[in-house]
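Quick mapping for you: the protein sequence lines, in order, are chains A and B.
Counting along the first sequence from 1, when you hit position 81 you're at 81 in our numbering, and nothing is skipped either side.
Counting along the second sequence from 1, when you hit position 79 you're at 176 in our numbering, and nothing is skipped either side.
It is worth saying that the hints were derived from the structure and are not from the lab.
Heads up, a few of these hints could be off.
Each computed DSSO-like pair below joins lysine-lysine, with the alpha-carbon atoms no more than 30 angstroms apart [stated by the list, open to error]:
| id | chain 1 | residue 1 | chain 2 | residue 2 |
| --- | --- | --- | --- | --- |
| 1 | A | Lys32 | A | Lys65 |
| 2 | A | Lys82 | A | Lys92 |
| 3 | B | Lys205 | B | Lys313 |
| 4 | A | Lys41 | A | Lys73 |
| 5 | A | Lys29 | B | Lys430 |
| 6 | A | Lys29 | A | Lys92 |
| 7 | B | Lys313 | A | Lys32 |
| 8 | A | Lys41 | A | Lys82 |
| 9 | A | Lys73 | B | Lys313 |
Now the in silico label distances, taken between C-beta atoms and shown as ranges [claimed, not checked]:
| id | chain 1 | residue 1 | chain 2 | residue 2 | range |
| --- | --- | --- | --- | --- | --- |
| 10 | A | Glu85 | B | Thr314 | 29 to 39 angstroms |
| 11 | B | Gly200 | A | Gly64 | 46 to 56 angstroms |
| 12 | A | Ala4 | B | Ala256 | 46 to 56 angstroms |
| 13 | A | Ala4 | B | Arg345 | 38 to 48 angstroms |
| 14 | A | Lys32 | B | Thr314 | 41 to 51 angstroms |
| 15 | B | Tyr378 | A | Glu85 | 37 to 47 angstroms |
Ideal Cβ placement from N, Cα and C applies to all residues, glycine included.
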Amino acid sequence: MTRASVIVLMVVALSVLYTDASAGSCCRKYTKGIIHMTFIKGYSIQTITRNCHIDAVIFHTNRGKNICTDPSKAWVMGNIRKLREKVQAISKKHSRA
Amino acid sequence: MDTYDYPYTEDYNNNSTDYPYIEEPCSNERIVVIENFLQLFIHPIICCAGFIGNTLVILTYALYKRTKSMTDVYLLNVAIADILFVVALPLIIYSEQYGWTMGNLSCKLLRGIYSVNLYSGILLLACISGDRYLAIVQARRSYRLRSSTLLYSHLICAAVWILALLLSLPTFVFYERYQPGPIHHSHENSTDSHSNDIPYVCYFLFNSNETAIAMKTGVPSSQVVMGFLLPLLIMGFCYSSVIVTLLRAKNFQRHKAVRVVLTVVFVFVVCHMPYNIALLYYTINMFQTQECSHEEAVSLTMSITRSLAYLHSCLNPLLYAFIGVNFRNHFRKILRDIWCLGKNYMSARRSSRFTTDMYLSTRRSVDGSTNDNGTSFTM
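Chain A on its own, in the form it takes in the complex:
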């Protein structure tokens, strides 16, 4: 009885204090393949100057996946350039309208 209540208390305490830490989690490895631009809707940059220990570019796909890629690869930086151009084009279109 007491043991059960202790376990219940522990589970409650842990679940109350459980925070979604995945948002602050880091890439530890790079994806081998190449990610096609059509899948990507945005990107994030992970640097070793903060809480993570390898540099990485994280592409966010339309299906809500976060893909870790190697920033030293040419295609990764190419994708970023294209994404930036896309954003600029959109903002230009908005300013014209």
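We have chain A; now place chain B onto it with these hints.
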């Protein structure tokens, strides 16, 4: 809408519903659960035990025992370091659970104080071993030296605290409160909403990659070297010499003394070695790419072994102070007085509170005047 084809071959599977070959940021859910368990159920026990034990040591010194020998001074300083440590720990736990709501200064101060006390506590234990070495192995030479050593021991303690402060400077400087994770550059309908509910952390934050690499390797390395290896070497040398000398001496108490020395070293190694090995391994592999499972295993090992290292701060009073016969006698005096005080208080409550205060002050002055020649050095 234009299509943005990229002129590379793609092995990113277009047709499947799932992406089989991609690497995603590692989930740290399991580590967070384990960390929460340790922080809520294990660390409070360590904090309470450490607080009680070290308070008793400080009280015994403050009320009943004049700090006479070098070891007394060191033991008092160890108790102060340990008590600051166990007071900082719950505040760190609270802050980690609630996203460091007390602000950036509390982040720097708590992490810094924690680091200072970690270093000073362990370095002072090395000083104690040095003092015992002088007393037992270099007994004849140190006899004259030890009679005027109270000043020296104060100086050495001050040096240890300053060294601990210097070693902790990077923590004070580079720890910041911020929202962890990558910096988001969203595209199209910018959905930055999720960045608002990431809890704040208190961790390293740098301006350049060079300082990041230097500090992320330098700080744990200095912790392993100055906070473990150097003290271990000093203790190893001093205590092995002490044991050799004790075994040569013809004293019926020598076996007890040897046992005490071995226990002190054994407990130090058991508490600090696992965490320092894990920390060293973690630091060496820090900047390498690795599997999430590997990262998780290392982090988990670090969390669990860290708790073991914390445990040492509540074992110190038992290993160093209460193991001494003199110290135990003084402590018994305290218990007796508290008992008397309690009884007196119960009867005095009906009449007036004044008598209790009187009783306490007279009691203290009587004990302060009693002169005892014993040192706490008995093992």
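Hints versus structure:
The hinted pair formed by lysine 32 of chain A and lysine 65 of chain A meets the criterion: a straight-line CA distance of about 16 angstroms does not exceed 30 angstroms. Between lysine 82 of chain A and lysine 92 of chain A, the direct Cα distance comes to roughly 15 angstroms. Compliance with the 30 angstroms bound is thereby established for this hinted pair. About 16 angstroms separates the Cα atoms of lysine 205 of chain B and lysine 313 of chain B, which keeps this hinted pair within 30 angstroms; it holds. Only pairs whose Cα atoms come within 30 angstroms are accepted, and lysine 41 of chain A paired with lysine 73 of chain A is accepted, the gap being roughly 19 angstroms.
The hinted pair formed by lysine 29 of chain A and lysine 430 of chain B fails the criterion: a straight-line CA distance of about 62 angstroms is larger than 30 angstroms. For the suggested pair lysine 29 of chain A and lysine 92 of chain A, the alpha carbons sit about 36 angstroms apart, so the restraint of at most 30 angstroms is broken. Distance restraint check for lysine 313 of chain B and lysine 32 of chain A: the Cα-Cα separation of roughly 27 angstroms lies within the 30 angstroms cut-off, and the hinted pair is therefore satisfied. The suggested pairing of lysine 41 of chain A with lysine 82 of chain A holds, with an alpha-carbon distance near 11 angstroms, which does not exceed 30 angstroms.
Straight-line distance between C-alpha atoms of lysine 73 of chain A and lysine 313 of chain B comes to about 25 angstroms, which keeps the hinted pair within the 30 angstroms bound. The hint said 29 to 39 angstroms for the Cβ distance between glutamate 85 of chain A and threonine 314 of chain B, and at roughly 38 angstroms that hint holds. At about 34 angstroms, the beta-carbon gap between glycine 200 of chain B and glycine 64 of chain A misses the expected band of 46 to 56 angstroms. Remark: the range hint 46 to 56 angstroms for alanine 4 of chain A to alanine 256 of chain B is upheld by a beta-carbon distance near 54 angstroms.
Look at alanine 4 of chain A against arginine 345 of chain B: about 59 angstroms separates their beta carbons, and that is not inside 38 to 48 angstroms. Checked against the hint of 41 to 51 angstroms, the C-beta distance between lysine 32 of chain A and threonine 314 of chain B comes to roughly 28 angstroms, which is inconsistent with it. A C-beta distance of roughly 44 angstroms is found between tyrosine 378 of chain B and glutamate 85 of chain A, which places it inside the suggested range of 37 to 47 angstroms.
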